[in-house]
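Assemble chain B onto chain A, guided by the hints.
Number of protein chains: 2
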Amino acid sequence: MTPTQSLEDVQPDIDITESVESALKEANAAELNVLLESVTISEALRVVLAFTPDERDSLIYLISAELASRLIDEAPLELAGELIERQESEKAAEIFDELDSDVQADVIAELDPNDAEAILASIKPEDAAAVRRLTEYDPDTAGGLMLADAFKFRADQTVGAVLRSLASDDEDLERYNGQHPYIVDEANRPVGVVSLRGLLTAKRSVKLDEIMVAPMTVTANASLTALQDLFNDHDFLGFPVVDGSGELVGVVSRTAVDAAILARAEGENLRMQGIVGDELRTMPLAIRSRRRLAWLSANIVLNIIAASVISAYEETLAAVIAIAVFLPMVSDMSGCSGNQAVGVTMRELSLGLVRPKDAMRVWLKEVSVGVINGIVLGILIGIVCWIWKGNPYLGLVIGLALAVNTVIAVSIGGVVPLLLKGVGQDPAVASGPLLTTITDMAGFFLVLSLATLMMPLLLQ
Amino acid sequence: MTPTQSLEDVQPDIDITESVESALKEANAAELNVLLESVTISEALRVVLAFTPDERDSLIYLISAELASRLIDEAPLELAGELIERQESEKAAEIFDELDSDVQADVIAELDPNDAEAILASIKPEDAAAVRRLTEYDPDTAGGLMLADAFKFRADQTVGAVLRSLASDDEDLERYNGQHPYIVDEANRPVGVVSLRGLLTAKRSVKLDEIMVAPMTVTANASLTALQDLFNDHDFLGFPVVDGSGELVGVVSRTAVDAAILARAEGENLRMQGIVGDELRTMPLAIRSRRRLAWLSANIVLNIIAASVISAYEETLAAVIAIAVFLPMVSDMSGCSGNQAVGVTMRELSLGLVRPKDAMRVWLKEVSVGVINGIVLGILIGIVCWIWKGNPYLGLVIGLALAVNTVIAVSIGGVVPLLLKGVGQDPAVASGPLLTTITDMAGFFLVLSLATLMMPLLLQ
Numbered sequence: 001m002t003p004t005q006s007l008e009d010v011q012p013d014i015d016i017t018e019s020v021e022s023a024l025k026e027a028n029a030a031e032l033n034v035l036l037e038s039v040t041i042s043e044a045l046r047v048v049l050a051f052t053p054d055e056r057d058s059l060i061y062l063i064s065a066e067l068a069s070r071l072i073d074e075a076p077l078e079l080a081g082e083l084i085e086r087q088e089s090e091k092a093a094e095i096f097d098e099l100d101s102d103v104q105a106d107v108i109a110e111l112d113p114n115d116a117e118a119i120l121a122s123i124k125p126e127d128a129a130a131v132r133r134l135t136e137y138d139p140d141t142a143g144g145l146m147l148a149d150a151f152k153f154r155a156d157q158t159v160g161a162v163l164r165s166l167a168s169d170d171e172d173l174e175r176y177n178g179q180h181p182y183i184v185d186e187a188n189r190p191v192g193v194v195s196l197r198g199l200l201t202a203k204r205s206v207k208l209d210e211i212m213v214a215p216m217t218v219t220a221n222a223s224l225t226a227l228q229d230l231f232n233d234h235d236f237l238g239f240p241v242v243d244g245s246g247e248l249v250g251v252v253s254r255t256a257v258d259a260a261i262l263a264r265a266e267g268e269n270l271r272m273q274g275i276v277g278d279e280l281r282t283m284p285l286a287i288r289s290r291r292r293l294a295w296l297s298a299n300i301v302l303n304i305i306a307a308s309v310i311s312a313y314e315e316t317l318a319a320v321i322a323i324a325v326f327l328p329m330v331s332d333m334s335g336c337s338g339n340q341a342v343g344v345t346m347r348e349l350s351l352g353l354v355r356p357k358d359a360m361r362v363w364l365k366e367v368s369v370g371v372i373n374g375i376v377l378g379i380l381i382g383i384v385c386w387i388w389k390g391n392p393y394l395g396l397v398i399g400l401a402l403a404v405n406t407v408i409a410v411s412i413g414g415v416v417p418l419l420l421k422g423v424g425q426d427p428a429v430a431s432g433p434l435l436t437t438i439t440d441m442a443g444f445f446l447v448l449s450l451a452t453l454m455m456p457l458l459l460q
Numbered sequence: 001m002t003p004t005q006s007l008e009d010v011q012p013d014i015d016i017t018e019s020v021e022s023a024l025k026e027a028n029a030a031e032l033n034v035l036l037e038s039v040t041i042s043e044a045l046r047v048v049l050a051f052t053p054d055e056r057d058s059l060i061y062l063i064s065a066e067l068a069s070r071l072i073d074e075a076p077l078e079l080a081g082e083l084i085e086r087q088e089s090e091k092a093a094e095i096f097d098e099l100d101s102d103v104q105a106d107v108i109a110e111l112d113p114n115d116a117e118a119i120l121a122s123i124k125p126e127d128a129a130a131v132r133r134l135t136e137y138d139p140d141t142a143g144g145l146m147l148a149d150a151f152k153f154r155a156d157q158t159v160g161a162v163l164r165s166l167a168s169d170d171e172d173l174e175r176y177n178g179q180h181p182y183i184v185d186e187a188n189r190p191v192g193v194v195s196l197r198g199l200l201t202a203k204r205s206v207k208l209d210e211i212m213v214a215p216m217t218v219t220a221n222a223s224l225t226a227l228q229d230l231f232n233d234h235d236f237l238g239f240p241v242v243d244g245s246g247e248l249v250g251v252v253s254r255t256a257v258d259a260a261i262l263a264r265a266e267g268e269n270l271r272m273q274g275i276v277g278d279e280l281r282t283m284p285l286a287i288r289s290r291r292r293l294a295w296l297s298a299n300i301v302l303n304i305i306a307a308s309v310i311s312a313y314e315e316t317l318a319a320v321i322a323i324a325v326f327l328p329m330v331s332d333m334s335g336c337s338g339n340q341a342v343g344v345t346m347r348e349l350s351l352g353l354v355r356p357k358d359a360m361r362v363w364l365k366e367v368s369v370g371v372i373n374g375i376v377l378g379i380l381i382g383i384v385c386w387i388w389k390g391n392p393y394l395g396l397v398i399g400l401a402l403a404v405n406t407v408i409a410v411s412i413g414g415v416v417p418l419l420l421k422g423v424g425q426d427p428a429v430a431s432g433p434l435l436t437t438i439t440d441m442a443g444f445f446l447v448l449s450l451a452t453l454m455m456p457l458l459l460q
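Protein chains in written order, with UniProt numbering: chain A, 1 to 460; chain B, 1 to 460.
For the record, the hints were derived by calculation from the structure and aren't laboratory data. Where hints are given, some of them may not hold.
Unchecked claim - Result set (SDA-like, lysine to any residue): computed pairs, CA atoms no more than 20 Å apart in a straight line:
no.: 1; chain 1: B; residue 1: 421; chain 2: A; residue 2: 280
no.: 2; chain 1: B; residue 1: 357; chain 2: B; residue 2: 419
no.: 3; chain 1: B; residue 1: 91; chain 2: B; residue 2: 115
no.: 4; chain 1: B; residue 1: 357; chain 2: A; residue 2: 19
no.: 5; chain 1: A; residue 1: 152; chain 2: B; residue 2: 115
Claimed, not checked - Simulated coverage check for chain A against chain B, where a stretch passes if three residues somewhere in it have a Cβ under 8 Å from a Cβ of chain B:
no.: 6; region: 79-91
no.: 7; region: 351-358
As the list claims (entries may be wrong) - Pair ranges (Cβ atoms, derived):
no.: 8; chain 1: B; residue 1: 305; chain 2: A; residue 2: 29; range: 51 to 59 Å
no.: 9; chain 1: A; residue 1: 422; chain 2: B; residue 2: 164; range: 54 to 62 Å
no.: 10; chain 1: B; residue 1: 21; chain 2: A; residue 2: 164; range: 54 to 62 Å
no.: 11; chain 1: A; residue 1: 213; chain 2: B; residue 2: 58; range: 46 to 54 Å
no.: 12; chain 1: B; residue 1: 124; chain 2: A; residue 2: 422; range: 43 to 51 Å
no.: 13; chain 1: A; residue 1: 426; chain 2: B; residue 2: 457; range: 41 to 49 Å
no.: 14; chain 1: A; residue 1: 34; chain 2: B; residue 2: 357; range: 23 to 31 Å
no.: 15; chain 1: A; residue 1: 38; chain 2: B; residue 2: 157; range: 33 to 41 Å
no.: 16; chain 1: A; residue 1: 29; chain 2: B; residue 2: 355; range: 47 to 55 Å
The structure displayed is predicted, hence computed values, not measured ones. For every residue, glycine included, the Cβ atom is placed at its ideal position computed from N, Cα and C.
So here's chain A without its partners, still in its complex pose (with noise of 0.2 Å):
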């Protein structure tokens, strides 16, 4: 590495697909292992997936398992799970070896029951038992996202003990990166915590416990909203856990908040766009399929409600069939103005600045928008309506109804993910779906219910 090595050289923009290709048929373990370093891990695991299951199979377990690891610890989890499941058991477990105690956690929890045994038995019984305690902690606490093991000392040890061991050759330094020591008494329970700047100050001779000061400590099961706000309050980088009993589980890193955070979002994301549940391309079809079907179908029954209005008044709309023109715009139309309701609701839920009790006053800042923007919304799709059909009976209907139920909309779409939310339910799954049910409803019924009180004179 030259010293002024800089991110350009580290990163060239060539595809390395058709090589590690070639490398795979030629079963070449060194060229694979050289090839897929060369690049980001990232873009190694996009390669490694352009692959079909087989040969995708073939790769890890032909590439080292410190690299195979890096990969599954880039992975999402599910594919995680299924990449290690695929290798025979010998393989499987070598590759489990290396992955950090979090994760291997939350791939066990992915496999089969019998697999995750067979792993489990093969690797060290310190290890496996750690990897159990860990799989009973909800993935998003600091149980589940917290490294089973801390950087721990006794308090009557000496300054110069804690810099021998930073200075061991063993990986505990890479590990606890930025992480402080943390001193506990003879039950394990976290009584202090030395700084940096204390244990490089201070003679080697000095004993601990005059240096620690007293830690904070996060329980087991704090939630990863809590978690955040404590990252977010002070500038550690790691807190310790501890257990019911008080004693030290475990040590939980900005980096992996921030990680489950981040994945948090996108996974809300999904859900908003009707993916439930944590889909890649590369996994089987029928699974896909499915998923995507489940919520699907949920949706067929709302929109056989919403649909059931227009039926209603099938004699309205043969009278004046213009108006099976406007429909969708006024039920569309109404939809987007909700989902962004929705949409700043969401976002102001995962800032923190709204919770539930706050839906009167949500309303109100929704009803403002919605009066303004559904008066202009109304009055420029009158006007369309107006010069398309040549009626300006047919444009105040059609106008005065999206007026009406963008207000509608912008209501429910505000409200709804804060409701939703105060129930214990997903605001990011069910929000949309209601949406646009009832606001179809909605736009459906003022139309044709204004039309049909107009009748007279949309039939001149």
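This is chain B only, laid out in the frame that chain A set:
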């Protein structure tokens, strides 16, 4: 702080809004500080934002500049700028001075140029110069995300000098939490980095060039995606940033990159829902309304294009009015299927698993799901239609149209984000409206043209 203080103790779940309100009425600055310090900073921000803009201004004015700066750091950028701008200049400068240099640059970019100049004139000239330099970088690059000052030494300094600097009373150690000291040459170019282990294990008289290793650097214009890959591939907590001439200009930390990636994901999420720009409900009504309308107005045009298909078939509709009941269902269901495909593609894009050139592979994967789901949904809706309207041929028309349109929708939904990305457009903002328009048009056309063809059977 007691040794066993845990998360629950730190975060009492009480609402301080009323207490803050009365402290604000009494202009009790000390009480306001105590109250807002007693909760997490995100909760404090939530409480502050519930007040009117004028009340907020008084509150920010009363509390300490340090607390105000933490609130402003926590707030979304646009709001951060507003909060500072509305303070009188002396207070504004005092708060500004407490912010990190990267946040200062972001805030300055939000301010009215006159206000920005006033603030920069009131802080130390060298700090102002650093902020001006930072504002020249794109916010989502290493230059825009870095802290402008690095923890740097010369190669002929000793380990002892670094340790003394770490032990000195300034804020360095806190600010460089987990960062490594960099060694620069006489032209301020980074030539080395010293590991913590090196510092801890070397004698204090050892010169830094004996224990330093060559540093990896990033250039100031490195993109967020490149930084994400880099931190993904390396366990470091920060990288030194160099300008075009190789000079050390700052340090970009993992924390800053993680925060920017999360903000990018959240912004994308919002844009997919039709919210362009950083809307919060505390913003002025006119801005919120105008921004939402800009996006909706573009949608009206697309809707008119789609509706014109219906208009072209008014005769068919008039003959079989029941079709009007199913038109919105077909378009909504297809839209949902398409959105699922958009969601998966956006996710795979953000994970780096697909690129624009993978469009064909993605399309084939989507077509398989589309065919299966199209057949299932088509049969379902066909049966519903047959039973409801008593005509099997109407069921056939609607079912067939939905089946075909589902394949079209997932194809477009899967591929359009890649194509938009390929031509440098934002897939989040444009995929949805494009998808909806095309699937609406195709759906309306399929239903109405099939119905026209089968008219004799439908009129039985």
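How the hints compare with the structure:
| no. | hint | in the structure |
| --- | --- | --- |
| 1 | 421/B <-> 280/A | holds, 19 Å |
| 2 | 357/B <-> 419/B | holds, 9 Å |
| 3 | 91/B <-> 115/B | holds, 13 Å |
| 4 | 357/B <-> 19/A | holds, 18 Å |
| 5 | 152/A <-> 115/B | violated, 51 Å |
| 6 | 79-91 | violated (count 0) |
| 7 | 351-358 | holds (count 6) |
| 8 | 305/B <-> 29/A: 51 to 59 Å | holds, 56 Å |
| 9 | 422/A <-> 164/B: 54 to 62 Å | holds, 55 Å |
| 10 | 21/B <-> 164/A: 54 to 62 Å | holds, 56 Å |
| 11 | 213/A <-> 58/B: 46 to 54 Å | violated, 37 Å |
| 12 | 124/B <-> 422/A: 43 to 51 Å | holds, 48 Å |
| 13 | 426/A <-> 457/B: 41 to 49 Å | holds, 44 Å |
| 14 | 34/A <-> 357/B: 23 to 31 Å | holds, 24 Å |
| 15 | 38/A <-> 157/B: 33 to 41 Å | holds, 36 Å |
| 16 | 29/A <-> 355/B: 47 to 55 Å | violated, 27 Å |
Checked against the numbered hints listed earlier, the structure breaks hints 5, 6, 11 and 16; every other hint is satisfied.
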